[in-house]
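Asker: Line by line, the protein sequences give chains B and D. Just so we're aligned: the first sequence equals residues 13 to 432 in my numbering. Just so we're aligned: the second sequence equals residues 100 to 407 in my numbering.
One or more hints might be untrue.
[Stated by the list, open to error] Listing some non-contacts, in silico: residues in chain D with all C-beta distances to chain B over 10 Å:
{"#": "1", "residue": "G175"}
{"#": "2", "residue": "A232"}
{"#": "3", "residue": "A275"}
{"#": "4", "residue": "A381"}
[Stated by the list, open to error] Straight-line distance between alpha carbons at most 20 Å, and here's what the computed EDC-like set of lysine to aspartate or glutamate pairs gives:
{"#": "5", "chain 1": "B", "residue 1": "K258", "chain 2": "D", "residue 2": "D210"}
{"#": "6", "chain 1": "B", "residue 1": "K223", "chain 2": "B", "residue 2": "D193"}
{"#": "7", "chain 1": "B", "residue 1": "K371", "chain 2": "B", "residue 2": "D383"}
{"#": "8", "chain 1": "B", "residue 1": "K258", "chain 2": "D", "residue 2": "D251"}
{"#": "9", "chain 1": "B", "residue 1": "K335", "chain 2": "B", "residue 2": "E325"}
{"#": "10", "chain 1": "B", "residue 1": "K199", "chain 2": "B", "residue 2": "E325"}
{"#": "11", "chain 1": "B", "residue 1": "K129", "chain 2": "B", "residue 2": "E100"}
{"#": "12", "chain 1": "B", "residue 1": "K334", "chain 2": "B", "residue 2": "D368"}
{"#": "13", "chain 1": "B", "residue 1": "K287", "chain 2": "D", "residue 2": "E167"}
[What the hints assert, rightly or not] Computed footprint of chain D on chain B; a stretch qualifies when at least three of its residues, placed anywhere within it, have a C-beta under 8 Å from a C-beta of chain D:
{"#": "14", "region": "80 to 90"}
{"#": "15", "region": "106 to 112"}
{"#": "16", "region": "269 to 281"}
{"#": "17", "region": "313 to 324"}
These are computed hints drawn from the structure, not numbers from a lab. Since this is a predicted model, take the numbers as computed values, not measurements. We treat Cβ as the ideally placed atom computed from N, Cα and C, and that holds for glycine.
Below, each chain spelled out in residue letters.
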Amino acid sequence: MPDRKNPLNIHYSRRKVLMGMSALPVGALIPHLARADTPATASVNKTGLAVTDDSVTVGILHSITGTMALSETGSVEAEKLAITQINEAGGVLGRKIKYIQEDGASDWPTFAEKARKLLENDKCASVFGCWTSASRKAVLPVFEHYNGLLYYPTFYEGLEQSRNVIYTGQEATQQILAGLDWISKEKNAKTYYLLGSDYIWPRTANKIARKHIENHLKGSRVVGEEYFPLGDSQFNSVINKIKLTKPDVIYAIIVGGSNVAFYKQLKAAGLDLSKHNLMTISVTEDEILGIGGENIAGAYACMKYFQSIATPENQKFVAAFKKMWGENSVIGDVTQAAYLGPWLWKMSVEKAGSFDIDKVIEASPGIEFKDAPEGYVRIAKNHHLWSRTLVGQARTDGQFNVIYQTPDLIEPNPFPVGYQ
Amino acid sequence: MFAGYSVNDLASIFVMQSFAGLILFSVFLLMALGLAIVFGQMGVINMAHGEFMILGAYTTYVCSQIFERWLPGLFGLYFFFAVILAFIVAGGIGMLLEWSLIRFLYKRPLDTLLATWGVSLILQQVLRSTFGAREVGVTLPSWMMGSWNLTDTIQIPINGMIVISLTLLITGGVYALLYRSGWGKQVRAVMQNRSMAGAVGIDTEWVDRTTFGLGCGVAGVAGAAFTMIGSTSPTAGQQYIVDTFLVVAFGGTESLGGTIASAFSISQVRSILEFFFNGSMAQVIVLLTVVGILMIRPQGLFALKVRR
Numbered sequence: 013m014p015d016r017k018n019p020l021n022i023h024y025s026r027r028k029v030l031m032g033m034s035a036l037p038v039g040a041l042i043p044h045l046a047r048a049d050t051p052a053t054a055s056v057n058k059t060g061l062a063v064t065d066d067s068v069t070v071g072i073l074h075s076i077t078g079t080m081a082l083s084e085t086g087s088v089e090a091e092k093l094a095i096t097q098i099n100e101a102g103g104v105l106g107r108k109i110k111y112i113q114e115d116g117a118s119d120w121p122t123f124a125e126k127a128r129k130l131l132e133n134d135k136c137a138s139v140f141g142c143w144t145s146a147s148r149k150a151v152l153p154v155f156e157h158y159n160g161l162l163y164y165p166t167f168y169e170g171l172e173q174s175r176n177v178i179y180t181g182q183e184a185t186q187q188i189l190a191g192l193d194w195i196s197k198e199k200n201a202k203t204y205y206l207l208g209s210d211y212i213w214p215r216t217a218n219k220i221a222r223k224h225i226e227n228h229l230k231g232s233r234v235v236g237e238e239y240f241p242l243g244d245s246q247f248n249s250v251i252n253k254i255k256l257t258k259p260d261v262i263y264a265i266i267v268g269g270s271n272v273a274f275y276k277q278l279k280a281a282g283l284d285l286s287k288h289n290l291m292t293i294s295v296t297e298d299e300i301l302g303i304g305g306e307n308i309a310g311a312y313a314c315m316k317y318f319q320s321i322a323t324p325e326n327q328k329f330v331a332a333f334k335k336m337w338g339e340n341s342v343i344g345d346v347t348q349a350a351y352l353g354p355w356l357w358k359m360s361v362e363k364a365g366s367f368d369i370d371k372v373i374e375a376s377p378g379i380e381f382k383d384a385p386e387g388y389v390r391i392a393k394n395h396h397l398w399s400r401t402l403v404g405q406a407r408t409d410g411q412f413n414v415i416y417q418t419p420d421l422i423e424p425n426p427f428p429v430g431y432q
Numbered sequence: 100m101f102a103g104y105s106v107n108d109l110a111s112i113f114v115m116q117s118f119a120g121l122i123l124f125s126v127f128l129l130m131a132l133g134l135a136i137v138f139g140q141m142g143v144i145n146m147a148h149g150e151f152m153i154l155g156a157y158t159t160y161v162c163s164q165i166f167e168r169w170l171p172g173l174f175g176l177y178f179f180f181a182v183i184l185a186f187i188v189a190g191g192i193g194m195l196l197e198w199s200l201i202r203f204l205y206k207r208p209l210d211t212l213l214a215t216w217g218v219s220l221i222l223q224q225v226l227r228s229t230f231g232a233r234e235v236g237v238t239l240p241s242w243m244m245g246s247w248n249l250t251d252t253i254q255i256p257i258n259g260m261i262v263i264s265l266t267l268l269i270t271g272g273v274y275a276l277l278y279r280s281g282w283g284k285q286v287r288a289v290m291q292n293r294s295m296a297g298a299v300g301i302d303t304e305w306v307d308r309t310t311f312g313l314g315c316g317v318a319g320v321a322g323a324a325f326t327m328i329g330s331t332s333p334t335a336g337q338q339y340i341v342d343t344f345l346v347v348a349f350g351g352t353e354s355l356g357g358t359i360a361s362a363f364s365i366s367q368v369r370s371i372l373e374f375f376f377n378g379s380m381a382q383v384i385v386l387l388t389v390v391g392i393l394m395i396r397p398q399g400l401f402a403l404k405v406r407r
């Protein structure tokens, strides 16, 4: 509403004028005083973030209790590893990263409340966190209101884009289409049975998969589609249906603990995954720890990262991760995507030459992480990453053999035309 | 509903679905037995029942690790040791809990609900701190993961058979204990008239403690059995607790037979419905039916006729 006395809505307060005047000489002096790689705090932080002359504070916001703790533990570990490594390499703009960790407790209102605390009270320069789409949707308005910056690591259903979020996992089209194309051609698959846990991600992903199967893979069709409550452990009925309909491909997007029941029951029912094609986009090395490699060996997983990728960059990452978190730890797709967050933030901050959120956001598109564990990574204009999609085949030791990768990076497309 | 299936298909559907229903029945019954004993006999609403089950599952996990490392030759048989150990561990901790907490709450059934809920949270956190938040894989000997092929479309999973036999064994054992042993007589005497039972020389405190221990021990066995088909994580117990309460409430809390009949009817109906609709829908239909029936018969479908 326009102010009648001040129609242009400009407020000149005495304090602001004084501050502006005093900033001139200070700003001119400090670059000479400070080390060359440590620009003055006033020049890189004009918005009151938690940045001092030698440290910058960020937030880590994941569930470390509740049902999602199973999955989010790996993300927390990866983010802490990245922060440690960045600090060892000299920090960001000469400042060491400190983190404040909050527990979302697998509860979406708690996520929103903790996000508000990290942004409003702690003035975090960025936050790494969330896993489920529900938790992300809960914190989104908070990040937009306080103009915070969130690095979100999970593969997800797409249909979203916020200027305050950088999505370091894949969106649905990146993860799904290449895998279906591959199995359709390679295994000459014609019939597909779609399975999923009953919530937004599996349902949206299967919707995209169905459109692709019906409209783009010639002569292919979906012979069944079914959803199960989260945490369900009874799959005998659907396994019987699969036996009767004999699909060429079982396409499974079951999440969390249900996977253990599903794959054990598949095996017990005599469906040998080395003979029957099963493709999943929800089982990573992390889940196989619970499922047991012998129960899932032979299945195909379609995502952008596997721990077994044989590049020097990845081997270095795996070694560092195991050194920090134990020889028995494994790294799944989302864990790697979480590891990208702090690094991409560091690069964006350094390109912007400032911690200010607006400048970092502006600097983000085009940022390249050339020796990321997954390979080359680039931030697109829509705040998602360009990435390759890989198909891995599960081995009995719980790792994947990478048997296919898309020749090029796939452009992220969170709002795919014709798939909605 | 039957369109698109041949007669042959339908025959194997019903065989396979009934077998799936039998496995589900075993799962329900093993869980509900312990809960029904504790609630029916003692009036304690044990919200930590799922966690006792998970204690059994983790016992099995530890057992499998020990056998894998130190006794690989006996690995094929470790599961049977694990079941016994699961009973002892869960039962023992149950007795400890009764002694330290539950016995002070016998006159306040609603408080047992709150207190045991707190216990369930504590147990979850203890398990999380000990074993980590992630699921652990319980490796099973390969002979337990196979299946018998009766025909091309009918395969009977061996682990299902083991769960079913284990359930029969435990149910028989519980029945014998409660209705054929001196201890069972004492239990029933204490439940009917505590002060009179005390007056004739029954150690009512000991009876309470062992009954609670038995309930928790059976939950532990259920947990050991579930490692074959489900997941082992600190919070996995929560997934079963609602279904279990459903079975117990539907069956009527005082009778063992009621629990069995209720577990059987709920599991078979759900299993058949699951095939022709889907998992979520089957659960909804079963839940609505049970709620409907409980509105007409609040005491449960199979409650004993007792004078009140």
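Asker: Now tell me if each hint is right for this structure.
Answerer: Hints, verified against the model:
1. G175: Holds, since 14 Å exceeds 10 Å.
2. A232: violated, 4 Å
3. A275: holds, 30 Å
4. A381: Non-interface label fails for A381(D): nearest chain B Cβ at 8 Å, not farther than 10 Å.
5. K258(B) to D210(D): violated, 53 Å
6. K223(B) to D193(B): holds, 13 Å
7. K371(B) to D383(B): Violated, because 24 Å separates the two Cα atoms, which is more than 20 Å.
8. K258(B) to D251(D): holds, 12 Å
9. K335(B) to E325(B): At roughly 15 Å apart (the allowed maximum being 20 Å), E325(B) and K335(B) satisfy the hint.
10. K199(B) to E325(B): Not satisfied, since the Cα-Cα distance of roughly 32 Å exceeds 20 Å.
11. K129(B) to E100(B): violated, 28 Å
12. K334(B) to D368(B): violated, 34 Å
13. K287(B) to E167(D): It is violated: about 29 Å lies between the C-alpha atoms, which goes past 20 Å.
14. 80 to 90: Three-residue rule met by the region 80 to 90 of chain B, so holds; n is 3.
15. 106 to 112: n = 0 at 8 Å, threshold three: violated.
16. 269 to 281: holds (count 10)
17. 313 to 324: violated (count 0)
Hints 2, 4, 5, 7, 10, 11, 12, 13, 15 and 17 from the earlier list are contradicted by this structure; the remaining hints agree with it.
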